Amino acid sequence: MADAQVFQKTPADKVIILNVRAFEIHPFLAPDWLDLRVGFFLSLTSEAGNDDPAALAETIPDDGRGLPAQEHYFIGVGGDNVFIGFSNATGPDPTNYKGDSMLVSSDAGIGVGTDFWRPKNGDNDRITAGIFDRGRLIGSTPLGLQQHFPQNPVAAGGYAVMLGLQLLRDNPSSRTIRAMIKSDANSADMAYSDTPTLDVIRTQLETWPPSQQLGPVTLSNVPNRFYFYWPFRQSRLRIHSYGILKAK
Amino acid sequence: MLRLLKGIFGTVEAYALLDFEAVPIGDLTGTVQLGGEVDAGNCRFETAQFGSRT
Chain A
1 MADAQVFQKT PADKVIILNV RAFEIHPFLA PDWLDLRVGF FLSLTSEAGN
51 DDPAALAETI PDDGRGLPAQ EHYFIGVGGD NVFIGFSNAT GPDPTNYKGD
101 SMLVSSDAGI GVGTDFWRPK NGDNDRITAG IFDRGRLIGS TPLGLQQHFP
151 QNPVAAGGYA VMLGLQLLRD NPSSRTIRAM IKSDANSADM AYSDTPTLDV
201 IRTQLETWPP SQQLGPVTLS NVPNRFYFYW PFRQSRLRIH SYGILKAK
Chain B
1001 MLRLLKGIFG TVEAYALLDF EAVPIGDLTG TVQLGGEVDA GNCRFETAQF
1051 GSRT
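Protein chains in written order, with the working numbering: chain A, 1 to 248; chain B, 1001 to 1054.
The shape of chain A in the complex, shown without the other chains:
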């Protein structure tokens, strides 16, 4: 069985749809960076339809013993044993992360609504991003980093959401990294678009928005790959485009 498929969403937008519980890892080269910015346009569709963002709510229940890592979503960058980005995993036990893994219908923040789908941890709405090393969540998890995938594309302002990360370090050999994630009123969403093109990513990455900081933390390895994984069975992750920009 295939792990993903390529689908023509619009004449100008061909997307990769990860099959249920499939992942994409895409290594990149960006040597000696001090300020590395990454961004990706994403959306959700149903398990059965390639362009169907309806009825995706789902809960993967934690019976109190925690859930393994593969029951949580991971969208961001990684390296050997390292992940930085968006996730509803908590750690610190590397094999059992606490809380239900959920996808809920939401407004553009952390309220009830029908315009967006919002992944979350059942224990706490704030658990939506982090830095992980050897399976353990390290550093603090700031408030206000929730991601919202369009459920009603017209109301959302587009069928795809752009998310991103800015990685900073003080010298090009350092493994001590801090990550900046756009934050505004319980939202890390950088843009919504019906034209999730490279030009839009480029524009968004050039001027980094006001952000919350994760870290600094000293990692066992420096991230060198994109990592996309979606754990739910009623929905699939669509990847429209992505990019890296070495600003320094």
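The set of hints was computed from the structure by calculation and includes no laboratory data.
What you are looking at is a predicted structure, and each value in this text was computed from that prediction instead of being measured.
Certain hints may be false.
Unchecked claim - Straight-line Cα separation of at most 20 angstroms, EDC-like style, residue types lysine to aspartate or glutamate; simulated pairs:
#1 A/Lys14 / B/Asp1027
#2 A/Lys248 / A/Asp32
#3 A/Lys9 / B/Asp1027
Got chain A; can you put chain B on it based on the hints?
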């Protein structure tokens, strides 16, 4: 497109951007060279890998 982006970026040292317009419609499994990348400087994408969790 590449020349246009290089001109727009100006002071930016390096970038790599990828959409999937060059990827044929169909299934993807395992190791895949996606193609269609736009890059400049010393940033590049390598070969993508697809897989699944149980």
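Consistency of the hints with the structure:
The hinted pair formed by A/Lys14 and B/Asp1027 meets the criterion: a straight-line CA distance of about 13 angstroms does not exceed 20 angstroms. A distance of roughly 9 angstroms separates the Cα atoms of A/Lys248 and A/Asp32; the hinted pair therefore holds under the 20 angstroms criterion. A hinted pair counts as satisfied when its Cα atoms are at most 20 angstroms apart, and A/Lys9 with B/Asp1027 qualifies at roughly 15 angstroms.
Hint violations for this structure: none, all hints satisfied.
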